[in-house]
Amino acid sequence: MSSLTLRQALVRRRYLLGAMPWRAALYLLSSVPAGLLVLVSVLLLAVVGGALSVVLVGLPLLMVLALIGVPVAAVERRRLRLIDPVPLGDPHRPPARAGLASWLGTRLRERATWREFGYALLFAGVLWPLEGLIVGGVLAVCGGLLSTPVVMAAVTGGDEVRVLKLHLAHSYPQAFAAALLGLVLLPLFAYPLGWAAVARAALTRALLMPGADGLDARIEELGRSRMRLVDAFEAERRRIERDLHDGAQQRLVALSMTLGLARLESPPEPLGGLLAAAHEEAGKALVEIRELIRGIHPQVLTDRGLAAAVEDVADRSAVPVDVDLDLPERLPRPVETAVYFALCEALANVAKHSGAGRAWVKGRDDGERLTVEVGDDGAGGASTTGGSGLQGVADRLSVLDGRLLLSSPAGGPTVLRLDVPRAPAHLVE
Amino acid sequence: MLRVVLAEDSVLLREGLVGLLKRFGHQVVAAVGTAGELTAAVAEHAPDIVVTDVRMPPGFSDEGLRAAVALRETRPRLPVLVLSQYVQRAYAEELLDSCDGTGVGYLLKERVGKVEEFVDALQRVADGGTVVDPEVVRQLLRHRRDPLSRLTAREREVLALMAEGRSNASVAEALTVSEGTVSKHFGSILTKLDLSLTDATNRRVLAVLAYLRK
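The listed protein sequences correspond, in order, to chains U and X. Here the UniProt record's numbering is used: the first residue of the first sequence is 1, the next is one more, and so on. Here the UniProt record's numbering is used: the first residue of the second sequence is 1, the next is one more, and so on.
Each hint should be verified, as a subset may be incorrect.
[To be verified] The calculated DSS-like cross-link candidates involving lysine-lysine, where the alpha carbons are at most 25 Å apart (straight line), are:
{"hint": "1", "chain 1": "U", "residue 1": "K362", "chain 2": "X", "residue 2": "K192"}
{"hint": "2", "chain 1": "X", "residue 1": "K114", "chain 2": "U", "residue 2": "K284"}
{"hint": "3", "chain 1": "U", "residue 1": "K352", "chain 2": "U", "residue 2": "K362"}
{"hint": "4", "chain 1": "X", "residue 1": "K114", "chain 2": "X", "residue 2": "K192"}
{"hint": "5", "chain 1": "U", "residue 1": "K362", "chain 2": "X", "residue 2": "K184"}
[To be verified] Pairwise CB distance ranges, derived in the manner of DEER restraints:
{"hint": "6", "chain 1": "U", "residue 1": "R238", "chain 2": "X", "residue 2": "A40", "range": "52 to 58 Å"}
{"hint": "7", "chain 1": "U", "residue 1": "E368", "chain 2": "X", "residue 2": "D120", "range": "50 to 56 Å"}
{"hint": "8", "chain 1": "X", "residue 1": "E44", "chain 2": "U", "residue 2": "W103", "range": "51 to 57 Å"}
{"hint": "9", "chain 1": "X", "residue 1": "F60", "chain 2": "U", "residue 2": "A318", "range": "28 to 34 Å"}
{"hint": "10", "chain 1": "U", "residue 1": "E329", "chain 2": "X", "residue 2": "E179", "range": "40 to 46 Å"}
The set of hints was computed from the structure by calculation and includes no laboratory data. From the three backbone atoms N, C-alpha and C, an ideal C-beta is built for every residue, glycine too.
Using the sequences and the hints given, assemble the complete structure.
What follows is the structure, given as structure tokens:
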């Protein structure tokens, strides 16, 4: 039974037999002290805070007043559970940092806070008296009728009693008839009472539901989690690079050194030839592992930043690349990494597909945004669709709230433009 | 015989290098694993040469290289041979820039395998020579590509005519453009060839042109 909402219960035949009518009554009745408390608090804070605001002391009180909707709404959400087991979600965002200032800043900027403030005012001014009236009326009528015989006996010793101050009852049968009427009315009243509670609950739900703000919070969290994923991926990349560098590469160097020494000691034949071949193989493996490590995560990017790393890529490019990067200071690590790999992809594309004779990388950091252009004088026709590497680059940049713009008409030239904020919203650092 | 201070954080390689140097009759006076220890060991032993890795604890970034550059600032005559896992122009340039580039070496670690070449390079650095890994040289050269390739076709035409000793007016006539256009082209040629306009005396430009024609 308790898994039903009041509204569902109301249309069932067994409504009167369950606890729901009582819950509805309790829901409406408990509004009265709660609303009264809110009213007193609001008035007190407004009057005292307003009066003292002249000497600035009152301003914190006014701020508390503005935030009064937050605890009120929290209580209301709990109270709603009396007649509606479907919980009402919290529309508030967790503050970005710990501490009171951050909490205040987040709350005061949220639409949900102000909606809750409005709700608190409505509650204090209109809702609770109305609910008090409804539930009080029902209790007074039914209670009055039911208690008629008792009152008659207690007050006038069985002579007469005024039923609901309307009708004068002169005898016990009349008094018991009134009580009986009360007993009949009680279940009848349970229905309007229930509907009143349903209406009240619907109002609460509409006003306090996590609406657009909740969606914002979800989008925010999605952005954050996406950034965390990329971050974890980067961390893993660096770990692999470190493991290769500190492990396999060092061992290969040691092996190559040992082989080199062995060649010095051994006679030229027959062992010398084999040693020379082994030595050469070790050398080739070292070149391969060096290139592999650089592709996974270049150390120069960590040590010297984006400009040096891009110069390095340009140096290796088959197509001559002019680099002109004006980056006065180091960028956040995720931005550096994403832009670096984007430029690597772009330059690799230039070398592989464009047929260009020259390429250039030009970029600047204006303190707010990093803008980098990669251009070539090749055949054009590049595209970001069809599972191309550029699609991956665009996805990667979008995690950082960045954009990728491509202009590549057939016949060229191709210009790729990366635009990334210096401090993306969801940065994990 | 050289007295060597060796800095390398991998124990395996450090021991290997000590053995290798000993085999060729050199003496490793200190073999350390961090940049801080390197600086201390140099102060203590005043070696003939320092051999150091680039990436070392505590940060596993380029501590070894930085320590080497710093050492050469305080002791300009101290030969330093840097062993690196990467071909990195930025690192090599930084090292070569320190104290006119004499007595420095930047070698890929894998070069150590060619033991005789390595020991030979060590000796040359100790004697005040400059040794740069062939791979790095290749990259340095590729970076300093033909400066003419940066010019547009039109700028090359202008440059070719100027190289014949023509005046701006004469170039303008030959290309049927205005003199202003020619001087604009000329300005951008100077910029692209890294010649600032203040140096643009005729003699200088002619020298450059003569050089470019070669």
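Status of each hint after checking the structure:
For the proposed pair K362(U) and K192(X), the alpha carbon gap of about 15 Å is at most 25 Å, so the pair holds. Simply put, K114(X) and K284(U) have alpha-carbon atoms about 13 Å apart, close enough for the 25 Å limit, and the pair holds. Proximity of K352(U) to K362(U) is assessed by CA-CA distance (about 20 Å); at most 25 Å being required, the pair is judged to hold. Pair hint K114(X) plus K192(X) does not hold up; C-alpha atoms about 41 Å apart against a cutoff of 25 Å.
The suggested pairing of K362(U) with K184(X) holds, with an alpha-carbon distance near 22 Å, which does not exceed 25 Å. The given range of 52 to 58 Å is broken by R238(U) and A40(X), whose C-beta atoms sit roughly 30 Å from each other. The hint said 50 to 56 Å for the Cβ distance between E368(U) and D120(X), and at roughly 53 Å that hint holds. Distance hint check: the CB atoms of E44(X) and W103(U) are about 56 Å apart, consistent with the given range 51 to 57 Å.
Here the CB-CB span from F60(X) to A318(U) is close to 32 Å, well matched to the stated 28 to 34 Å. The supplied range of 40 to 46 Å is met by E329(U) and E179(X), whose beta-carbon atoms lie about 43 Å from each other.
Hints 4 and 6 from the earlier list are contradicted by this structure; the remaining hints agree with it.
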